[in-house]
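So you can see what is in the structure, the chains are spelled out below.
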Amino acid sequence: MSGLMAVFWKELADHFNSKRFIILSILIYLASIFTIYVAAQNIRSGITETTQFIFLRFFTISGENQLFTFLFFLSFFIPIVGIALGFDAVNSERASGNLSRLLSQPLYRDSVINGKFLAGLITLAILVTSIVLLVAGMGLRVIGVPPNGEEILRLVAFIIVSIIYGAFWMSLSVLFSVLFNRIATAALASIALWIFLFLFVPIIAQVVAGANGEIAGAISRISPGVLYGEVTQVLLIPSHPTMFMISMYYTGLEPNPLPLSQSLLIAWPQLTSLIGLTALCFAISYIKFMREEIRST
Amino acid sequence: MVEHGVIETKDLVKTYGKFIAVDKLNLRVDEGEVFGFLGPNGAGKTTTILMLLGLTEPTSGKARICDFDPTREPLKVKRITGYLPEKVGFYEDLTARENLDYTAALNGLSREIASRKIDELLDMVGLSEMAKHKVGTFSHGMKQRLGIADVMIKDPKVAFFDEPTAGIDPEGIEQVLALISNMAKQKVTIVLSSHQLQQVQKICTRVGILSKGHLVAEGSVNQLGRETIGGGKFRVEVQVSEPTSKLVKSIKSIKGVTNVKSSGDMLLISCDKDLRPQIARTIVDSDCLLVQMKIEEYGLDDIYMKYFREQ
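Sequence order for the protein chains is A and B. Using the numbering used here, count along the first sequence one by one with no gaps and you end on 1189. Using the numbering used here, count along the second sequence one by one with no gaps and you end on 343.
Heads up, some of the hints might be wrong.
[To be verified] From the structure, some residues in chain A lie toward chain B, with a derived Cβ separation under 8 Å:
#1 Ser894
#2 Gly895
#3 Ala898
#4 Lys902
#5 Leu904
#6 Gln933
#7 Ser988
#8 Gly989
#9 Asn990
#10 Arg993
#11 Leu995
#12 Ser996
#13 Pro998
#14 Asp1002
#15 Asn1006
[Said to hold, decoys possible] Cut-off 25 Å, straight-line C-alpha distance, at most; resulting in silico cross-link-like pairs (BS3-like, lysine-lysine):
#16 Lys305/B to Lys265/B
#17 Lys119/B to Lys1180/A
#18 Lys108/B to Lys1180/A
#19 Lys219/B to Lys278/B
#20 Lys1180/A to Lys911/A
#21 Lys108/B to Lys265/B
#22 Lys265/B to Lys326/B
#23 Lys911/A to Lys164/B
#24 Lys234/B to Lys166/B
#25 Lys902/A to Lys293/B
#26 Lys164/B to Lys902/A
#27 Lys119/B to Lys902/A
#28 Lys166/B to Lys902/A
#29 Lys50/B to Lys1180/A
#30 Lys281/B to Lys293/B
#31 Lys119/B to Lys189/B
#32 Lys265/B to Lys338/B
#33 Lys902/A to Lys108/B
#34 Lys166/B to Lys911/A
No wet-lab data here; the hints were simulated from the structure. Idealized CB from N, CA, C, for every residue including glycine.
With the rest of the complex left out, here is chain B (with noise of 0.2 Å):
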């Protein structure tokens, strides 16, 4: 399980007659990972993520699940994964706990230890109260909560939500992704696929941008924008009282620093690595007055319009 991701895929590829749905996509995701899935609608998230649940057979190419072939060993599969689909549906005439009494059916749980899981599950995506409720009457939120619970029930090694987060209010966006972060400490290996980029971005380690069945960029948040958009630097924001250009020389002159560009009392700084505490004393030192400084974060949003736009 070590050399191999939990979910490995190897030129992994879909097609409906002739549209490409995904293509030749590498893809590897490590034990305890958040992985965000990002790319437009119909970009293949959704496409690659049933191929990996083995819902769908790939047209060609490789798909690992903790070394299990979805498509040839589909039960072994469903065992370990959980799987939140994008719009999610419920048994609407029976309740939160009739459903999730189901599901641990389904997966062969004895009814001593699923009434006292899903008991458990219910207080945590705070359903208790709800939990003799038709689910007819939930609000999506509440719906969205029922699922992490329904995919908790198996307790699996690997979570799949699609879109979780799509069309529920700010607070419940809130708790959906407190939900799943609380996961993800417990060893769950995530699969987040979204277009809702500031969320996220709280809670991925490591996310991988699909453009049309391609993955375009992977790494970490602030990797990935130092990438595409600080051309692989570090970008330090100074404000200074009347900026000399003797303070620029000797900024320039520190070692890593690659390019210092200055407008009105403004310095914008390129560097290797994050300079903050050099680039501070020399400040102090050149008798000038620090206003304020800070490192220049990446948004996902900026990275995604950047690759988008490229197009």
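Bound conformation, chain A alone (with noise of 0.2 Å):
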């Protein structure tokens, strides 16, 4: 257990160290205030007497141009922050001959890559945590009503939700980290696959299904970055006519806002799927890891 501590402390330091991280945090700081800046500009006269979550309008919401809403850029973000945090975990500790020396020490080998895995969390759960809250208490200050209960479980579930999206886009470049022994390959192969599903697979879906909206929708949540979207949407538009509704019930009608209880119902399907394949890659490195074998060279 001590060595399980250690290998998180240092991992933990390490990250909040690395200009890599600075950097990042920074480019998303930025980035939030500037969809804060266009929220709070259009929030007005987005808001009609009937409307209710005001306070969760702030996150998606956005100027003219539908696509930089809060949500939009976390849901960016957060693979890039994820794949930071992940792509040289295990390759860098071998190049720079640091493993063999690591795992002489009397620790068990799964401690190491826990150790990782969990200090890449809490860095995650910290950095995203913040940004929602700075959100938070920026649209509390231009809008000046205060989030209600049930807002306030929202916003919770909702960075939840965000970190465990973040957990997958990391597990994922730790198992290329474990894969391949080049840190170069191993960022490359997590930004390519990023592209792919963030950009190419809703194309691909569209392409194939054609006009049948239910299969393309099916396709296109292959990606987790729909999954995510599908889950946030969910949960931060009460009211919003969800995928499964729009032909069945609400056509033209404006929706009553549905109770958390529901909206988590409806997103339970996608969140399971985004833990699931968190977990698959987490279960997928751990076991490469593990099997290794420390050759000389």
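Hey, can you piece these two chains together into the complex? The hints should help.
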């Protein structure tokens, strides 16, 4: 256990001291502030008298161009942070000659990978939570409407889902760091997969499925980004006519907002898929790392 | 612990696919020894060390360190063994001190003990002034010395050094070797792998020569030399002024001398044990003048070359 904690604290300190992490954090904070600025400009026009959950609107509103919502930025940047936290987790130890020295210390081998994963997860959690709180704080100043109890619960759920989404990308890049000995290969593979899933899968889904929206949706859900987008939309826009309801019930009607428990129920399949994918990537890298032999070079 | 060696292997085998890296290795190293593990690149030195440390699983055979099985009880073995890998690496962005702190934490040392110990060790390896510098700025020799401090943190009973002198300057080599032999004085059993023979010769009490996974020879350097080159004999070289056949005859009659060859004023005497005093007296008694006399010492180079030329 002491071995795990030693690895954990060291990795955590490494993350917070690394230039990579500092640069990324600054970038993300700036992007968040920018989206909040845009949202603040437009929030009045987007609100009618019947609008509920005003506070949550702040996270999903943008200018005329619907692209630059806070939500979009987050779903764009979280994978980058996740990849940055994991892509050199194991192979850098090997490349720098630390691995055999590290493994000759009295600690179980899984403490190394567990400690690294845990440290990455905590780093991710701190980053995501601080950004959401930052945005929430600024939102409070701009619109002056405090969040109600359910809004707070929804925000907490949103933070947790975002951390899981980041954890998926981190465990994927950790997997690549175990599979590829070269750090650059692991980084490029992670980013290539991210671009493919984020940009191309939705396009491919459109092309393959043609006009059939349901099949397109099913294919595009290969991408974790789409899963994340669906879950967070359900969480942050309680009255949003979700993918399941469009055709069935709410044609042209302003739907009533759902209670949180129902929102979670709708998002449940997507959420479990995300958790499952994360666990799968971590399990493969764990097994690979445990079985790997230290060889003389 | 007395009847078993600190390190023992029995028919240790390691294969990678069809390639046999270590083939039925039987080895025994006793407490306090400095064992030199020699052989060309790819002879299986590192693989053997990795198996002894429990970092690699043997294909078959047994390895024991202080009566622990490295495969079954890796943690117990790792607690008492220190390992300095061939291409030792440290976290370049951390200082020397932080690197040692991490190793201390991994070994479960408390902060106070670790801090005191790190001070001592940095002082010992001559890096006190560099303690707060990042390891990225260190030379190779400094990293090796830091590596020795790193090994010493856990007070190992057995320490493995894989090519500790490779790629560092002569002064650095001296420092590293001095530190290692200092460890040996503190009752640490040391296994040293190398192909730089002269250096190993200086500090090893015993050497084993490994070739293609086989242990081809084992013993102290002098013993090995006598066995491989001198045919088990001591050889004494004597220079006298004007040697006579009578002198050769009387030297031959000394008990234990097996052969005398003369060429010019040099006599080459083979004998069963070190007979220099007796030979000297014989020469003086025969009215010849003794110019110089030396016993042939076998360099590891000679032994080594002999083994690998024969193949």
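Outcome of the hint check:
1. Ser894: holds (5 Å)
2. Gly895: holds (6 Å)
3. Ala898: holds (4 Å)
4. Lys902: holds (5 Å)
5. Leu904: violated (13 Å)
6. Gln933: violated (42 Å)
7. Ser988: holds (4 Å)
8. Gly989: With Cβ-Cβ at 3 Å, under 8 Å, it holds.
9. Asn990: holds (5 Å)
10. Arg993: holds (6 Å)
11. Leu995: With a minimum Cβ separation of about 6 Å from chain B (threshold 8 Å), the hint on Leu995/A holds.
12. Ser996: holds (4 Å)
13. Pro998: Check passed: Cβ of Pro998/A comes within 4 Å of chain B, closer than 8 Å.
14. Asp1002: violated (12 Å)
15. Asn1006: Since the shortest Cβ distance to chain B is 14 Å, the answer is violated.
16. Lys305/B to Lys265/B: holds (7 Å)
17. Lys119/B to Lys1180/A: Status holds; Cα separation ~23 Å.
18. Lys108/B to Lys1180/A: Status holds; Cα separation ~24 Å.
19. Lys219/B to Lys278/B: violated (52 Å)
20. Lys1180/A to Lys911/A: Answer violated: Lys1180/A to Lys911/A is near 29 Å, above 25 Å.
21. Lys108/B to Lys265/B: Measuring from Cα to Cα gives roughly 44 Å; hence the hint is violated.
22. Lys265/B to Lys326/B: holds (14 Å)
23. Lys911/A to Lys164/B: holds (20 Å)
24. Lys234/B to Lys166/B: Between Lys234/B and Lys166/B the Cα gap is close to 33 Å, so the pair fails against 25 Å, i.e. violated.
25. Lys902/A to Lys293/B: violated (69 Å)
26. Lys164/B to Lys902/A: Holds, because 17 Å separates the two Cα atoms, which is no more than 25 Å.
27. Lys119/B to Lys902/A: holds (22 Å)
28. Lys166/B to Lys902/A: Judged against 25 Å, a Cα distance of about 16 Å means the pair holds.
29. Lys50/B to Lys1180/A: Satisfied, since the Cα-Cα distance of roughly 22 Å is no more than 25 Å.
30. Lys281/B to Lys293/B: It holds: about 11 Å lies between the C-alpha atoms, which stays within 25 Å.
31. Lys119/B to Lys189/B: Cα-Cα ~22 Å, so holds.
32. Lys265/B to Lys338/B: OK: Lys265/B and Lys338/B at ~16 Å, within 25 Å.
33. Lys902/A to Lys108/B: Distance of about 23 Å is within 25 Å: holds.
34. Lys166/B to Lys911/A: The hint holds at about 16 Å.
Of the numbered hints stated above, those contradicted by the structure are hints 5, 6, 14, 15, 19, 20, 21, 24, 25, listed in ascending order.
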